[in-house]
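Use the sequences and the hints to build the structure in full.
Here is how the chains run, residue by residue.
There are 4 protein chains.
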Amino acid sequence: MLSFESDYTTGAHKNILNRMQEINLEQQKGYGGDKICESAKEKIRKACECEDAQIQFLVGGTQANAIVTASMLKRYEGVVAARTGHVSVHEAGAIEYTGHKVLEICGHDGKIDAGELSEFLKTFWDDGNHEHMVFPGMVYISHPTEYGTLYSLKELGDISGVCKEYDIPLYLDGARLGYGLASMSADVTLPDIARYCDAFYIGGTKVGALFGEAVVFTKKNMPKYFMTMVKQQGGLLAKGWLLGLQFDTLFTDGLYYEISKNAIDMAELIKNGFQKKGYRFFIDSPTNQQFIIMENERIEQLKSKAAFSFWEKYDESHTVVRFATSWATRREDAEELCRII
Amino acid sequence: MLSFESDYTTGAHKNILNRMQEINLEQQKGYGGDKICESAKEKIRKACECEDAQIQFLVGGTQANAIVTASMLKRYEGVVAARTGHVSVHEAGAIEYTGHKVLEICGHDGKIDAGELSEFLKTFWDDGNHEHMVFPGMVYISHPTEYGTLYSLKELGDISGVCKEYDIPLYLDGARLGYGLASMSADVTLPDIARYCDAFYIGGTKVGALFGEAVVFTKKNMPKYFMTMVKQQGGLLAKGWLLGLQFDTLFTDGLYYEISKNAIDMAELIKNGFQKKGYRFFIDSPTNQQFIIMENERIEQLKSKAAFSFWEKYDESHTVVRFATSWATRREDAEELCRII
Amino acid sequence: MLSFESDYTTGAHKNILNRMQEINLEQQKGYGGDKICESAKEKIRKACECEDAQIQFLVGGTQANAIVTASMLKRYEGVVAARTGHVSVHEAGAIEYTGHKVLEICGHDGKIDAGELSEFLKTFWDDGNHEHMVFPGMVYISHPTEYGTLYSLKELGDISGVCKEYDIPLYLDGARLGYGLASMSADVTLPDIARYCDAFYIGGTKVGALFGEAVVFTKKNMPKYFMTMVKQQGGLLAKGWLLGLQFDTLFTDGLYYEISKNAIDMAELIKNGFQKKGYRFFIDSPTNQQFIIMENERIEQLKSKAAFSFWEKYDESHTVVRFATSWATRREDAEELCRII
Amino acid sequence: MLSFESDYTTGAHKNILNRMQEINLEQQKGYGGDKICESAKEKIRKACECEDAQIQFLVGGTQANAIVTASMLKRYEGVVAARTGHVSVHEAGAIEYTGHKVLEICGHDGKIDAGELSEFLKTFWDDGNHEHMVFPGMVYISHPTEYGTLYSLKELGDISGVCKEYDIPLYLDGARLGYGLASMSADVTLPDIARYCDAFYIGGTKVGALFGEAVVFTKKNMPKYFMTMVKQQGGLLAKGWLLGLQFDTLFTDGLYYEISKNAIDMAELIKNGFQKKGYRFFIDSPTNQQFIIMENERIEQLKSKAAFSFWEKYDESHTVVRFATSWATRREDAEELCRII
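Residue numbers (this note's numbering), protein chains in the order written: chain L, 1 to 341; chain A, 1001 to 1341; chain C, 2001 to 2341; chain F, 3001 to 3341.
In short, the hints are calculated from the structure, not lab data.
You may find that some hints are simply not true.
[To be verified] Listed below are the simulated SDA-like cross-link pairs for lysine to any residue, each with C-alpha atoms no more than 25 Å apart in a straight line: (1) L/K303 x A/F1124; (2) A/K1029 x C/E2165; (3) C/K2313 x F/D3113; (4) F/K3303 x C/W2125; (5) F/K3074 x A/N1015; (6) L/K220 x L/G273; (7) A/K1271 x C/Q2027; (8) C/K2029 x A/E1332; (9) L/K261 x L/G273; (10) A/K1035 x C/L2002; (11) L/K14 x F/E3026; (12) A/K1035 x C/K2074; (13) A/K1029 x C/E2332; (14) C/K2313 x F/E3116; (15) L/K29 x F/K3035; (16) C/K2224 x A/V1089; (17) C/K2014 x A/N1015; (18) F/K3224 x L/H90; (19) L/K35 x L/I23; (20) F/K3303 x C/T2123; (21) C/K2305 x A/G1033; (22) L/K224 x C/H2090; (23) C/K2074 x L/Y166; (24) F/K3074 x C/V2089; (25) L/K261 x F/E3116; (26) L/K305 x F/E3026; (27) F/K3303 x L/E26; (28) A/K1261 x C/K2029; (29) F/K3224 x A/H1130; (30) L/K14 x F/D3113; (31) F/K3029 x L/E312; (32) F/K3074 x C/H2090.
This structure is a prediction, so every number in the text was calculated from the model and none was measured.
As structure tokens, this is what we get:
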């Protein structure tokens, strides 16, 4: 069975497992106070061209989103996000569980628009009644988005500008950041993100790690006693060096970019395959997730040979399905997919 | 200065104050365990034609919404509401503060549509991914809505039907319920509401009381230890009889309906006045709130003579403004308003 | 039936009700933005000899405690209180519901000890592990305490000094503050409290008002957007002037002190009565609550003639019972009680 | 440097890492829906002699405690625990963050007493005022406790009996469960725990795994939609099979017991060493944590050669320190420690 179901169906890059073996019985300090974490942080700071960056490794994406949001927001604030954002739809209410509203605005192929954001914030502040409303206290974007799309540098800069104008932080969910950086359409670099965003995370779980996300605060703005809040939300890993080790490995000799490139190459390969066979695309995605509008009958035939995700109903006879590649996707599997579709 | 700013700018019906004077130094049991509360509850049960109704008096509307929602929902559930609903927009995140998401769907003049609700619920349950989403655990409607509109009996019945189909409770916010019941367009009675809704509240604050809302559970479904949860959310009034006394008075000899009728009569009077002068209405409201699209210049002139509310920007030169009548609005003031507009 | 069950079994001082009648149909601004609230605040500032005091009126005590605590604490902080404190025991977890721990330390007749507090704070900060613990972020005391006892000026000053040393605010729950100020043992004045505490509330519900507590921030430290947080926790009264009016009345011509004095006089009267009859006291209370160790048999006989509260089991044959007087207790009733005990 | 600082300073048993290598590139289902998790659950069911056991793997102990507690408790309930319990003191308020109070009772060497628990529950229910209090909704114990002590079978049975009498679940925190089962004083087996407790977790992080705890519900009582609540609290691991693999390995051929035994053997070895040298013990611990009362001067000398934990101040010249062994402690290190103390 070919597997294009998601980008988290295999383990980790071999360098990571090998290194885990090597240091397995070495004594380490707990809770991320070890030297491997320090080394990983330093490498990330360099990759971000952000000397001041403060970094905390966390285990997963929902956890990262919930912890960052609940730690940066004031009690009376919510986080602005696209209606299709991961925090809006697919985190089982993890943000609201911490007492904060997700202030949903329109998304366009998964992205928010700087002009609409500005209008939303202006309306809030102009409303005489705003003391009875949830204050917009942070802006959430994902890059790539849930639909695989990317912000251009200008779009990111504009959103950042609006956030600065209204003095609220911009937070970027980089669950699949590697694939965004490695995309052939990539207009935004890691240093750009570090410059424009107040906080973001570099996704490991979906990009070569067993698990783990590196939360980066770029403006010396890590909330005070952040570690205690991480613990309070159940996100503090006792053996924190396991996270450090993974990011240290991924940020050695450009491994993070290199393996991300494989996912993009394989995505381009199957994209071409679908195009040649005349399939319609639901969205034009330049990253590792490809969304196809497929006849329901065709889906039935295909699903015995390949695993992929059902996204949403399109019309009576068609469904949107997703094919995801990853750092681990093999060329032979991508080619085989092209043959059988 | 004429006052049409809102329906909570004056005290209470005189019968209420007089009775407060009369019993002022009588000894009462605390926390609503007194006989006046019992009497008020019995009168409400009769007015609702719902013998089993369980009733808890609370102080205000946001409190009622937050307490009912947080007590009826399971931890993983949210409340479905129109995007313009009071719980969605104007309660400072009181629902989210209790850990629950407001699942916003489209509103139409403040109302939700049974068909769209059904579609929303169907999509949720059909989504293979729904275990990663917030479960719809209750439906919130307001009647009259935030725009003064009313559900027809058929509309209410249809929504109730959808809720039953998906086995989730229907909750109605009746902050201005009296004005909905007294409207000339009223198609829905208090017994209808008790029959179709699983919980609702009868608004006192805006309809003749100093403060107070009567939360009614209609299906023997008051959550167990509800009083403890009321206390936990800071809503338990020590001198609970003050709430009982007000509702006991309002539900004696049809006073609640009688004084609500005054608001409707005065609203119709000014509605006619605006129509005669050729004003455009933002919405056709059959209750005590009238929304007018007014030229910004005209607003400037008028606001020195009458108080009213700015609702939202309409276009560059016009604004939507709201004129609200109440149980206490004097005919002479309504007539004077008609003259000066 | 004589009533000594609690201090919230009757309505309000007649001046309050009379004034409510007088202004009943006057138009007021909502949510406490009215002139009566302004006047009341000014009078309280004068009574506190604290020109900068920022004041918010709330409806009840649990609400006040939960709102102040949750607004002043940071996310990772808890409130230090005596194990017998109202927030620790009798508020149905209202503090924890907002996500904060009550850090319980020993109480002595309801009071905390400055030395023990200092030790607790020192131990916390000395503990290398404290980042895994709840930070002490505020100190809660009640005055009078739940046992009717009072802090001396020195005790209050010492606690305040410890709080300053550790830079955490001191908050005083004054549900029965009037009775503490009017006590014959009173060593602490309202200006003392304003000077030593960072926040406190002046209780109205139990001291002459229908309902209402005046929260006072004494160091220009009212949390930003406090009103929004009050709304978020369901504590914002639409007709806020009802609270202002009550405190404006209570702080006119020393009424608050005068009526508090009655409760003290009556408490002393029954205290003497119990002493003369040879009853044992559970605690030596100088305020309006008197705790008696009574034989179970005697309780059975007495409770058909007088209402009082069961406090706790003392031993197999005795129970601690509480007799509470109030601003409204009549001398004839207190004298009658003395006769029948 | 000898390391006796804690039991989570090294990686995992080699079988775990080897197996991770082996299956690294196999495709797995996400979120724990894979076959390895199924196999691990089956092995745990057998080890517990509890066919009906429902199991969820989680990443860490604080997370497990917070998720289980917040999912099993009703909104108005709290969890009863020893004042020294991990949830009471060392989880940064993770329980309170979910809105629930930890109802602290006295601990005796880390354990609670069935009689005192019964008295606490009786007093709660007898208190006429209990509707204003936090309901005891679960009992939390740890085994081994934070002080290394163990419950006897009778003690556990008695506590379980009290819980049954009051119809509240008993939950056991088994962060170091292996060491409790392998202790020479062990009176309680895994099937005993499954029989007496309603829920518990088998600790992996401190007992041979990289990370991971296996939460076991023993009475078909896993809360409905538990997975959604795990997600909501940020505890759902995308690559859930990593947890399954670790527990599958630990519960193959008795590995969990075998490696736990090493910690016990090494603890006994150093215990004897300290005894021979005449050190005083703070507590008589039969498990892998040994608490010594040490002269401050001696501590200074020793800490350049061995890592250990400062527990608490004992008196002016002595401190309680902890030496912890683990599954990975080498005999040569334990012997060397005995020499240098």
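Results of checking the hints against the structure:
With a C-alpha separation of about 23 Å, the suggested pair L/K303 and A/F1124 falls inside the 25 Å cut-off, and the hint holds. Proximity of A/K1029 to C/E2165 is assessed by CA-CA distance (about 44 Å); at most 25 Å being required, the pair is judged violated. Using a Cα cut-off of 25 Å, the hinted pair C/K2313 and F/D3113 holds, with the two alpha carbons roughly 21 Å apart. Under the criterion of a C-alpha separation no larger than 25 Å, the hint pairing F/K3303 with C/W2125 is consistent with the structure, at around 22 Å.
For the given pair, F/K3074 sits about 41 Å from A/N1015 by alpha-carbon distance, which is inconsistent with the 25 Å threshold. Of the pairs offered as hints, the one joining L/K220 and L/G273 is violated, with about 46 Å between alpha carbons and a cut-off of 25 Å exceeded. With a C-alpha separation of about 22 Å, the suggested pair A/K1271 and C/Q2027 falls inside the 25 Å cut-off, and the hint holds. The suggested pairing of C/K2029 with A/E1332 holds, with an alpha-carbon distance near 21 Å, which does not exceed 25 Å.
At roughly 18 Å between alpha-carbon atoms, L/K261 and L/G273 fall within 25 Å of each other, so this suggested pair holds. For the given pair, A/K1035 sits about 18 Å from C/L2002 by alpha-carbon distance, which is consistent with the 25 Å threshold. Between the alpha carbons of L/K14 and F/E3026 the distance comes to roughly 13 Å, so the proposed pair stays at or under 25 Å and holds. Proposed proximity of A/K1035 and C/K2074 is contradicted: the alpha carbons are some 43 Å apart, above 25 Å.
Of the pairs offered as hints, the one joining A/K1029 and C/E2332 holds, with about 21 Å between alpha carbons and a cut-off of 25 Å not exceeded. Of the pairs offered as hints, the one joining C/K2313 and F/E3116 holds, with about 16 Å between alpha carbons and a cut-off of 25 Å not exceeded. Between L/K29 and F/K3035 the alpha-carbon distance is near 34 Å, which puts this suggested pair outside the 25 Å criterion. Under the criterion of a C-alpha separation no larger than 25 Å, the hint pairing C/K2224 with A/V1089 is consistent with the structure, at around 21 Å.
Proximity of C/K2014 to A/N1015 is assessed by CA-CA distance (about 17 Å); at most 25 Å being required, the pair is judged to hold. For a cut-off of 25 Å, the pair hint linking F/K3224 to L/H90 stands: about 19 Å separates their Cα positions. Taking the CA atoms of L/K35 and L/I23, the gap is about 12 Å. The hint holds against a cut of 25 Å. In summary, the hint linking F/K3303 to C/T2123 is supported, as the alpha carbons are separated by about 22 Å, within the 25 Å threshold.
A hinted pair counts as satisfied when its Cα atoms are at most 25 Å apart, and C/K2305 with A/G1033 qualifies at roughly 20 Å. The hinted pair formed by L/K224 and C/H2090 fails the criterion: a straight-line CA distance of about 32 Å is larger than 25 Å. For the hint linking C/K2074 to L/Y166, the alpha-carbon distance of about 23 Å falls within 25 Å, and the restraint holds. Under the criterion of a C-alpha separation no larger than 25 Å, the hint pairing F/K3074 with C/V2089 is consistent with the structure, at around 18 Å.
Restraint check: the Cα-Cα separation between L/K261 and F/E3116 comes to about 63 Å, which exceeds 25 Å; the hinted pair is violated. Of the supplied pair hints, the one linking L/K305 and F/E3026 holds, its CA atoms being roughly 16 Å apart against a limit of 25 Å. For the hint linking F/K3303 to L/E26, the alpha-carbon distance of about 19 Å falls within 25 Å, and the restraint holds. Taking the CA atoms of A/K1261 and C/K2029, the gap is near 24 Å; set against the 25 Å cutoff, the hint holds.
With a CA separation close to 14 Å, the supplied pair F/K3224 and A/H1130 stays within the 25 Å bound. The straight-line distance between the Cα atoms of L/K14 and F/D3113 is roughly 51 Å, outside the 25 Å bound, and the hint therefore fails. With a C-alpha separation of about 20 Å, the suggested pairing of F/K3029 with L/E312 holds against the 25 Å cut-off. Under the criterion of a C-alpha separation no larger than 25 Å, the hint pairing F/K3074 with C/H2090 is consistent with the structure, at around 18 Å.
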